[in-house]
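Number of protein chains: 2
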Amino acid sequence: MSTEKEVTIYDLARKLNISIATVSRALKDDPVVSKKTKKKIADLALELGYRSNNFARNLRTSRTNTIGVIIPRINSSFMSSVIAGMENVANSEGYNLIISQSSESAEKERVNAATLFNSRVDGLLVSLAYDTDSLAHFEPFTKKKIPLIFFDRTADKTEGTCIQIDNLRAAYEATTHLISQGNTRIVHITATPKRNVYIDRLQGYQQALADQRIAFREDYVIVGNLSQEAGADAAARIMEMKPLPDAVFVANDNCAVGCMTALKQAGIRIPADIAFAGFNNDPVSTVIEPNLTTVNYPGYEMGQIAARSLIDHLNGASSIHSTNTIILRSELIVRESSIRRKTNP
Amino acid sequence: MSTEKEVTIYDLARKLNISIATVSRALKDDPVVSKKTKKKIADLALELGYRSNNFARNLRTSRTNTIGVIIPRINSSFMSSVIAGMENVANSEGYNLIISQSSESAEKERVNAATLFNSRVDGLLVSLAYDTDSLAHFEPFTKKKIPLIFFDRTADKTEGTCIQIDNLRAAYEATTHLISQGNTRIVHITATPKRNVYIDRLQGYQQALADQRIAFREDYVIVGNLSQEAGADAAARIMEMKPLPDAVFVANDNCAVGCMTALKQAGIRIPADIAFAGFNNDPVSTVIEPNLTTVNYPGYEMGQIAARSLIDHLNGASSIHSTNTIILRSELIVRESSIRRKTNP
DNA sequence: CGAGAAAATGTAACCGATTACATTTTTTTT
DNA sequence: AAAAAAAATGTAATCGGTTACATTTTCTCG
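Sequence order for the protein chains is B and A. Quick note on numbering: our numbering labels position 249 of the first sequence as 249, and the sequence is numbered without any gaps. Quick note on numbering: our numbering labels position 299 of the second sequence as 644, and the sequence is numbered without any gaps.
There are no misleading hints in this set.
On the chain B side, residues computed to face chain A include the following (Cβ under 10 Å): (1) 6; (2) 49; (3) 62; (4) 64; (5) 81; (6) 87; (7) 96; (8) 100; (9) 115; (10) 284; (11) 287; (12) 288; (13) 289.
I should point out that these hints are in silico values taken from the structure, not numbers from a laboratory. Where is the CB? At the ideal position from N, CA and C, for every residue including glycine.
Put together the whole structure using the sequences plus the hints.
Now the structure itself:
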């Protein structure tokens with residue numbers, strides 16, 4: 001009835017008439033304790049429903065077995081895969097995850113970092129918000145040598161390890177593909193060039209144009225927040241362009257969908273009038289009609305690798321400084337939205 | 346250079362030549378400490394970069410300020426809204442969230458519950474997995490009087506509070522709407538009747554049929570896992586039915602989309618040949634063509650309310666037992682997928 | 001068999017806060 | 001101005017583990 005008292009190592013020690021030190025060691029499977037004693041202790045612990053008190057341990061060892069995660073938003077298919085991958089590894093290694101969202105705000109990111117710092121996470125996994133300029137809020141971590149890993153939206157000139165894809169190459173391939181379909185007036189919709197992912201994709205786009213001797217036009221780059229609404233806004237701008245562009249490369253599927261929908265409503269045919277390519281291989285890319293050509297990259301794996309790297313480092317298995325950037329593979333998935341058949345009239 | 350030593354209340358006390366008790370009280374803003382002293386302490390704490398040691402506090406108070414969350418999957422728009430809502434409240438109240446996914450497996454749910462129990466969360470927020478039968482894995486919580494709140498996929502016959510919508514009524518409305526458009530052969534695609542949400546929706550569907558004097562047909566209920574693939578499978582079964590059903594009510598938008606896509610590929614027109622209604626108001630519902638009629642319900646708010654209820658209870662502000670079930674409003678959003686114009690040939 | 005090495009166990013300080021209870025200081029009252 | 005009440009501060013035990021160092025027990029081998 002009443003909340004039973006929690007069982008401690010003192011209780012175990014008393015019952016078995018041994019010292020708490022031995023109990024503590026036995027529970028940690030310390031080789032210095034004899035098998036026989038260990039067995040006795042393990043049995044009794046089970047019987048009494050003993051559970052270790054992490055606070056006492058953490059207080060003593062100053063480790064929390066907790067990893068902090070800061071992400072812009074959890075509500076994309078990509079991010080939830082990443083989280084799932086992290087959880088998978090963390091769980092199996094006995095770590096907990098504390099996930100916090102910056103909602104794309106540098107200020108909220110700062111607050112989250114402070115909170116996680118105060119909860120003394122053992123390490124931090126971060127994907128940066130759109131408008132983060134300074135990395136000063138991560139200094140407390142680096143100062144205290146708390147390992148810090150950036151993934152996807154990474155930061156240059158930092159000490160932390162970065163896990164990402166080759167955004168430049170992926171964008172280069174997507175753009176080259178659009179060009180190969182006979183397009184030359186290619187618009188690029190993207191987000192703030194503060195973030196590596198967007199600046200790299202822009203460069204890939206530019207480089208592909210350059211390699212095919214197509215002049216880069218400043219006014220073909222539309223910067224927004226990559227939401228569906230931003231896609232619709234971009235569509236309005238595109239429709240004002242004369243001549244009409246013949247292809248659009250969007251840095252994110254969700255925004256591409258918003259843009260395509262708006263164009264379709266205005267009677268523009270895709271891909272006949274304008275071809276499309278996106279980025280992320282979000283599930284909507286196979287729902288929109290026509291299905292969207294896009295860049296697929298492994299979120300789940302990225303999450304796993306990020307967590308794995310961090311934990312390995314925490315366990316001293318590998319130094320985080322030995323590997324500074326991990327590049328994962330990505331691939332272009334060609335679907336109807338970019339396939340030119342007979343060419344348009 | 347070297348990792349600086351952590352500042353403790355002992356350091357503050359020594360510097361100011363006062364006792365640690367006063368420091369401790371001042372930091373908690375205990376009214377018993379004079380303003381002057383508080384100011385001195387706060388200033389020094391700031392200057393020295395003091396941060397409270399939660400382990401010491403938790404060890405002493407046996408509270409963790411951490412809330413455990415168990416959900417089937419995070420990768421739906423609905424769930425990520427829920428999480429965002431929880432985070433919003435938890436953050437502002439100084440609680441951390443530990444999120445774990447059951448991946449729709451009762452076994453994994455059990456393991457997650459055990460893990461969270463061992464990390465001594467102050468409370469638990471749960472949405473049940475598809476195949477969870479027994480609630481035995483939550484007994485340790487109830488035994489220790491750790492509050493437990495179910496949301497969305499709730500459990501009957503339990504002591505915990507439940508937060509959900511009126512699934513029966515929502516499904517009744519959706520079905521009635523389909524009937525009002527002139528449909529009578531209405532298929533229902535859903536998931537395991539183990540979960541309240543699905544059994545309630547099925548009952549709403551049945552009740553609507555009954556009220557309109559349409560006979561319920563067992564073979565019109567297709568049970569699956571509500572994935573897009575399950576939707577495609579259901580489409581195959583639907584196409585074998587003679588005569589062809591004239592409407593489909595799906596317990597989840599994502600599955601509806603899979604089903605619609607498969608039917609469209611087979612040349613069936615929506616809504617002309619078959620009308621559709623879904624559930625959840627997932628973003629894809631406005632991407633699929635035709636846009637999907639669906640039931641909207643407030644994920645963000647549900648998350649907020651769940652977290653708020655739990656925290657209020659933890660703070661002793663309200664007893665969890667006073668309110669046993671909280672019902673949130675939901676609404677039918679009618680879109681093209683269910684609108685019959687001239688009627689089919 | 002007995003000395004020394006190895007294995008097993010024990011002692012006690014420590015991690016950094018909270019808080020019941022005791023004591024001192026300040027304010028109010030008469 | 002002294003007594004009583006109120007406010008502020010201090011003392012010390014406590015939460016439940018970890019671990020350096022000390023001690024005891026068991027084993028090994030000449």
